[in-house]
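From first to last, the protein sequence lines stand for chains F and D.
Numbering-wise, this note's numbering puts 61 at position 61 of the first sequence, and it's gapless, one number per residue.
Numbering-wise, this note's numbering puts 106 at position 106 of the second sequence, and it's gapless, one number per residue.
Please keep in mind that the hints were generated in silico from the structure rather than gathered at the bench.
Fair warning: there could be bad hints in the mix.
Stated by the list, open to error - A few chain D residues that don't get close to chain F, going by computed Cβ distances all over 10 Å:
#	residue
1	Phe10
2	Ser27
3	Phe30
4	Val34
5	Val39
6	Leu50
7	Leu51
8	Val55
9	Pro81
10	Gly172
11	Ile178
12	Ala207
13	Gly212
14	Ser214
15	Ile218
16	His222
Claimed, not checked - Below, simulated DMTMM-like cross-link-like pairs (lysine to aspartate or glutamate); rule was C-alpha separation at most 25 Å, straight line:
#	chain 1	residue 1	chain 2	residue 2
17	F	Lys17	D	Asp140
18	F	Lys79	F	Asp67
19	F	Lys270	F	Asp43
20	F	Lys17	F	Asp310
21	D	Lys40	F	Asp139
22	F	Lys68	F	Glu93
23	D	Lys210	F	Asp310
24	F	Lys38	D	Glu170
25	D	Lys137	F	Asp310
26	F	Lys231	F	Asp139
27	F	Lys63	F	Glu93
28	F	Lys221	D	Glu203
29	F	Lys314	D	Asp140
30	F	Lys314	D	Glu203
31	F	Lys261	F	Glu93
32	F	Lys163	D	Asp91
33	F	Lys79	F	Asp43
34	D	Lys137	D	Glu203
35	D	Lys84	D	Asp71
36	F	Lys270	F	Asp96
37	F	Lys38	F	Glu54
38	D	Lys217	D	Asp140
39	D	Lys42	F	Asp139
40	F	Lys216	D	Glu203
Every residue, glycine too, gets a C-beta built ideally from N, C-alpha and C.
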Amino acid sequence: MIRETLKEGGMGMYIVKRLLTMIVTIWLIATLTFIIMKSIPGDPFASDANVLPEEVLQNIRAKYNLDKPLPVQYVLYMKNLLTFDLGPSIQSETRDVNTLIADGFPVSAVLGLQSLVIALLFGILLGIIAALNHNRLLDRLAMFLAIIGISVPSFILAPLLIKYFAVEWKLLPVASWGTWAHSILPSIALATTPMAVIARFMRSSMLEVMQQNYIKTAEAKGLSPATIVIKHGIRNAILPVITFIGPLFAVLITGTFVIEKIFAIPGLGKYFVDSIFNRDYPVILGTTVFFSTILVITLFLVDISYRLIDPRIKLTSRGD
Amino acid sequence: MISQKEDALFRPIDRSRLESDVIQRPSLSFGKQVLINIVKNKMAMLGAILLFAIVIMAIVGPHLVPYSYSDQNLANGSQPPSSKHWFGTDDLGRDMWSRTWYGARISLTVGLVAALIDLVIGVLVGGISGYMAGRGKLGDRIDNILMRIVEILYGIPYLLVVILLMVIMEQGLWTIIIALSITGWVGMARIIRGQILQLKQQEYVMAAQKLGTSHAKIIFRHLLPNALGIIIVNLTFTIPQAIFAESFLSFLGLGVQAPFASWGTMANDALGVILNGQWWRLFFPGFMIALTMFAFNVFGDGLQDALDPRTRK
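Using the sequences and the hints given, assemble the complete structure.
Below you can see the structure in the form of structure tokens.
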């Protein structure tokens, strides 16, 4: 069975090929990141340089292999990567990068998924309502909401949400992480901009789809408006939204720096930025490899889903 | 008898009826039609007028008051809007009106140039990639390579690239724009590729191919105009995104530095004081960003309607 699908050069072969290219892509991303990271001046021990004697610094550098020539450092890192060992964190002496990710990722993933669901649900709904009422009051209202959502970024919305919902009305906890109530405000703050973008995409492509001939055919057949919108409208109009949420999914579930900082959430987001400023080399590479893995898998799934949504789409010349 | 009956059946045609075949409406070129559609669209015109007004104010606004964007007056700090300072003052006593319009110059330049670069590269890469996918072995390879480049640019930490640029280049407006453009176009490229993958299955593309139309012409004359709605929508996001990305870079110390102002940095500076009730610090830059967004969006929507030949009424 498997052999046959591979031989025919069909979907099976396409998937196998893509999986192999994914590994190459991740390796390229890691290598380029390594080169860029090392060409930026700076030192993870810059703040210790005045306090510690030179011999101690030498020893610390040796511990993290930083005294070796760059090519050796690179090979050592790649070897560890093959065994899924992302190395130690220089900043946090007790935890290695694998533990940082294992601790932070579940928190970021819950938050990211929750906001993605909010954004998708309300974004698609708003977009459809706007398109079906083109240039009428509901359209204007929905697009007004969308413009506000895009114009007010999360770093402005988050403090306002805290001020009213947490401090003044005392409905929800101010910050930190624990119960589900803690995740409501950050999820909303994260979801508004993507929601507005999804609404705009959905409206635009629904307007296009609803004037196609197959919609008129469906109307002529006497299908109910709901069936026409759901089975013929949404399915043909959803493609840009799928393309948009692919990378967004990867970004959101691996955590966002600003929102996690404002709400004091122990997620993964802060390591992406902090590690770069601290020159914490293993953390920079580890988070990059982790993020890239999720990213390339997601983009692959997006490509596959194009075929599921619109079977006419051909991804390769072999007919699949 | 017979002739009479025939007369009843076959009456001579009324000559005036032939005139119904005459084309009454003037034939218009595509450009003219678009212009007429846009001018007739009230919301689109509102957007155009607003944009024009914002640009004019960015040029003359700072000169309308006797304060420069960098004049400090500590004794007069954190004042709410008044007849002297129309938009109030910030904590260093700088006039907010002057700073808002001065900031418009930087924010609009960053937003517009970054959006334009995104559009050009995104359209080229996305258009070629989407069209070539499934077009023979070479086509598959082109799509594969372009999309892997997109993945790599998505994957490399953006901040790292920006810091590297700051090391290599001088700090300033153009460095920010280049930093924003290096990875900015990848979203646009993927959106366009997705649209092209779907559109190229349509009958008119097959017809064009059978008529021997060149690949470039099919991409630019047939496919991209049909994806225009999504392209315009995506373009309208790039502008505020660039404005906010600039403020994020400035916040990290990589962007525009004080005393220079941009809408993004002003909004950012205001975050610390908004909870103390100094609403004007956030309101004016925030409102200007929203107003610019609104203008671009309604103009973009109008443009989408105007460019669609099917909407001629």
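| message | Holds or violated: Lys40(D) and Asp139(F), Cα atoms, limit 25 Å. | response | Holds, at about 19 Å.
| request: Given the hint that Lys17(F) pairs with Asp140(D), test it: the Cα-Cα distance must not exceed 25 Å. | output: At roughly 12 Å apart (the allowed maximum being 25 Å), Asp140(D) and Lys17(F) satisfy the hint.
| Lys137(D) and Asp310(F): Cα distance at most 25 Å? | 22 Å, holds
| field | Satisfaction of hint between Asp310(F) and Lys17(F), Cα-Cα up to 25 Å | value | It holds: about 22 Å lies between the C-alpha atoms, which stays within 25 Å.
| request: Decide if the proposed pair is consistent with the structure: Lys84(D) and Asp71(D), CA atoms, cutoff 25 Å inclusive. | output: Judged against 25 Å, a Cα distance of about 14 Å means the pair holds.
| Quick one, are Lys68(F) and Glu93(F) close enough, alpha carbons at most 25 Å? | Given pair Lys68(F), Glu93(F) holds - Cα atoms ~21 Å apart, limit 25 Å.
| query | Going straight from one Cα to the other, do Lys42(D) and Asp139(F) come out at no more than 25 Å? | reply | 15 Å, holds
| Pair hint outcome, Lys163(F) versus Asp91(D) [Cα-Cα no greater than 25 Å] | Measuring from Cα to Cα gives roughly 21 Å; hence the hint holds.
| task | Compare the distance between the alpha carbons of Lys314(F) and Glu203(D) with 25 Å, and conclude whether the hinted pair is satisfied. | result | The given pair, whose Cα atoms are some 15 Å apart, holds under the 25 Å limit.
| query | Is Lys270(F) close enough to Asp43(F), meaning Cα to Cα at most 25 Å? | reply | Holds - the C-alpha atoms of Asp43(F) and Lys270(F) are around 19 Å apart, at most 25 Å.
| request: Run the C-beta distances from Val34(D) to all of chain F and say if the shortest one exceeds 10 Å. | output: 17 Å, holds
| Beyond 10 Å from each Cβ of chain F, as asserted for Ser27(D) | Holds: least Cβ distance 23 Å, greater than 10 Å.
The structure shown violates none of the earlier numbered hints.
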